[in-house]
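Undergrad: Here are the chains, one letter per residue:
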Amino acid sequence: MQQPGRAAEIKAKGIGKSFGSFRALDNLSLDIGRGEFLTLLGPSGSGKTTFLMILAGFVQPSEGKLFSDGVDITNRPAEQRAAGMVFQGYALFPHMSVEQNIAFPLKVRKKSASEIKSRVGEMVERVGLKGHEKKLPAQLSGGQQQRVALARALVFEPGVLLLDEPFSALDKSLRGQMQAEMKRLHQETGTTFVFVTHDQSEALALSSRVAIFNHGKLLQVGRPDEVYDRPANRFVAEFLGEINMLPVKGVRPADNGATGLCEDRAVNMRCKAEAIKGDAILAIRPEDMSIAPEASINENGIAATAVASTYLGAATKLDLTTRQGARVTVSVPNEVAAAALSKGNSVWLTWPAEKGFLLPDGGQ
Amino acid sequence: MRGTLSDRMGAALLMAPLLLFLVLAYAWPFLGVVKWSFTLPTPGLGQYHALLTDDLVQSVFIRTLRIAAIVTLVSVTAAYAITVVWVRGSPVQRVLAEFCILVPFWISVLTRAFGWVALLSNRGLINTWLQSIGFISEPLTLVRNEFGVIVGMSHFLIPFAVFPLASAMRSLDERVLLAARGLGSSRMRTFWTVFVPMTRSGIIGSAMITFVFSLGFFVTPAILGGGRSVMIAELIYLRIFQSPDWGLGAAISVVLVVFVGALMALLFRYVKPKQLV
Chain Z
0 MQQPGRAAEI
10 KAKGIGKSFG
20 SFRALDNLSL
30 DIGRGEFLTL
40 LGPSGSGKTT
50 FLMILAGFVQ
60 PSEGKLFSDG
70 VDITNRPAEQ
80 RAAGMVFQGY
90 ALFPHMSVEQ
100 NIAFPLKVRK
110 KSASEIKSRV
120 GEMVERVGLK
130 GHEKKLPAQL
140 SGGQQQRVAL
150 ARALVFEPGV
160 LLLDEPFSAL
170 DKSLRGQMQA
180 EMKRLHQETG
190 TTFVFVTHDQ
200 SEALALSSRV
210 AIFNHGKLLQ
220 VGRPDEVYDR
230 PANRFVAEFL
240 GEINMLPVKG
250 VRPADNGATG
260 LCEDRAVNMR
270 CKAEAIKGDA
280 ILAIRPEDMS
290 IAPEASINEN
300 GIAATAVAST
310 YLGAATKLDL
320 TTRQGARVTV
330 SVPNEVAAAA
340 LSKGNSVWLT
350 WPAEKGFLLP
360 DGGQ
Chain G
0 MRGTLSDRMG
10 AALLMAPLLL
20 FLVLAYAWPF
30 LGVVKWSFTL
40 PTPGLGQYHA
50 LLTDDLVQSV
60 FIRTLRIAAI
70 VTLVSVTAAY
80 AITVVWVRGS
90 PVQRVLAEFC
100 ILVPFWISVL
110 TRAFGWVALL
120 SNRGLINTWL
130 QSIGFISEPL
140 TLVRNEFGVI
150 VGMSHFLIPF
160 AVFPLASAMR
170 SLDERVLLAA
180 RGLGSSRMRT
190 FWTVFVPMTR
200 SGIIGSAMIT
210 FVFSLGFFVT
220 PAILGGGRSV
230 MIAELIYLRI
240 FQSPDWGLGA
250 AISVVLVVFV
260 GALMALLFRY
270 VKPKQLV
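First to last, the protein sequences are chains Z and G.
Each residue of the first sequence is one higher than the one before, starting from 0 at the first, in numbering that gives the first Met the number 0.
Each residue of the second sequence is one higher than the one before, starting from 0 at the first, in numbering that gives the first Met the number 0.
Because the hints were derived from the structure by calculation, they are not lab data.
Derived pair list, reagent style DSS-like, types lysine-lysine, alpha-carbon separation capped at 27 Å:
1. K134/Z with K271/G
2. K12/Z with K216/Z
3. K110/Z with K133/Z
4. K316/Z with K354/Z
5. K216/Z with K64/Z
6. K133/Z with K271/G
Please read all numbers here as calculations on a predicted model, not as lab measurements.
The task is simple: from the sequences and hints, build the whole structure.
TA: This is the structure we're talking about:
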């Protein structure tokens, strides 16, 4: 956070924050690598924004230490950390033009007029705001204001860019466009990006790693595919997308993984069962299950009855009830769903052994 | 603001007593004053001509504008400082600031003017104290001049100047200030380049209210000016009650009302009425 033009490496060690009796953040340790795009994901009140504010220096942690490139910056005020920051609602200076907004951090740093002019010009071009330089924020669309905020936060080449739910005010199509743009800016600048969102699809689409928060605790950090396919616990599994939970009995280690009884049928899992023995929950994503007229004895499968369907265009979401009353949702091709529903009787749900993972029974 | 017809009728009905009072107590008598200005002592534009040529009237006009301008500057500056504490200070500071803003409203303008006389006169508290510590040998002339008038009027007007400023500061987006600091701006720089410009509408509203109030001030300049620093309202009083010159007094009143009306029109081009409370 101190050398301009160079991506920062940040280490948080045992960070905690209490507001009165409310514990906003608890014993958080996290390494943010140089130039990585890390997303802090969680529901509102999970502590993700508090952590971002601590990184920015706007909030002082109650305990713990923060290092940037090995230097302790825990007590350094925000204006000396100079992390680029994009706020929810953008927080542009309403009385300054686009140009003046972007020039602000450079003026504060007492850059020469010619340098300011060339760098602002370059930045305006890069975020596609040419021709809007003299306008006030109020004269711009939401997407354009967003670009100004990004340009203003990146123009002084900060070591890290902090983004607090920057797309929450944009409509869906614009949001997709801005996400692509931000990915491009990340690649072009090479700066470390720390991005806060409560939108799991946004987190999975953008980040090199995702950190998932709940109730002030950091639950899991990993690549998007890691956290999606191998969530550490039930909360992460459910928060990252729809998932089916089936009770499994008598789980024990087996060749290549584990085996157990699901709805009185033997099922195989590729995941390890060291920590989990006996009764557990088998979690399978809807897109990993298929519908079949029957299942062979070697195949993972349970019998179920289709009860309802939701047409989604590209696919259909089918709701089923198993023999023992568990509710399952699968995502299947439209014609498969229609056939399953018209039969009105039992179909088989199957899934490959490498999909699906075990979670402790009833635990969070 | 848009409602059904009966809503609007209801609103009009609720406002009717106030409007009726304004018409009967202000507008109607004022038309009489306008009539005097054109008819006394003889019909014609004579009084307006006199107003343009009379040295005394003109010097009073200029003094009034000057005092109003200085009082506005002093009041808005002081009010700005108090308002920052009131809106953005710690809980204890807020209570103290609120107290300082509200207390003057409970004390009559007359009492406050005499209070200042007691403080500022030659044998008042300030002069006797300064003499007792040997800082001065002769008393300073702090009252019965423009200085005293400016002190007294500013004291009266600061609380009024606070409200438009408070309204502007309260509606300011806190994140914009955080953004400035996050971008490397010191607290001082953030205050001057972001906070102050963003409260511009409050400053304009506050200045206009103070200025307009100052133009018509009577009691405070009459007491603290001691007849040596006569302002317009006092001049009108003198013309009407102490010399049989109703025509000129009326003409000055008309000019003052028109001038204030023009200022208010100008104000509302820049500031919405709801930003003033």
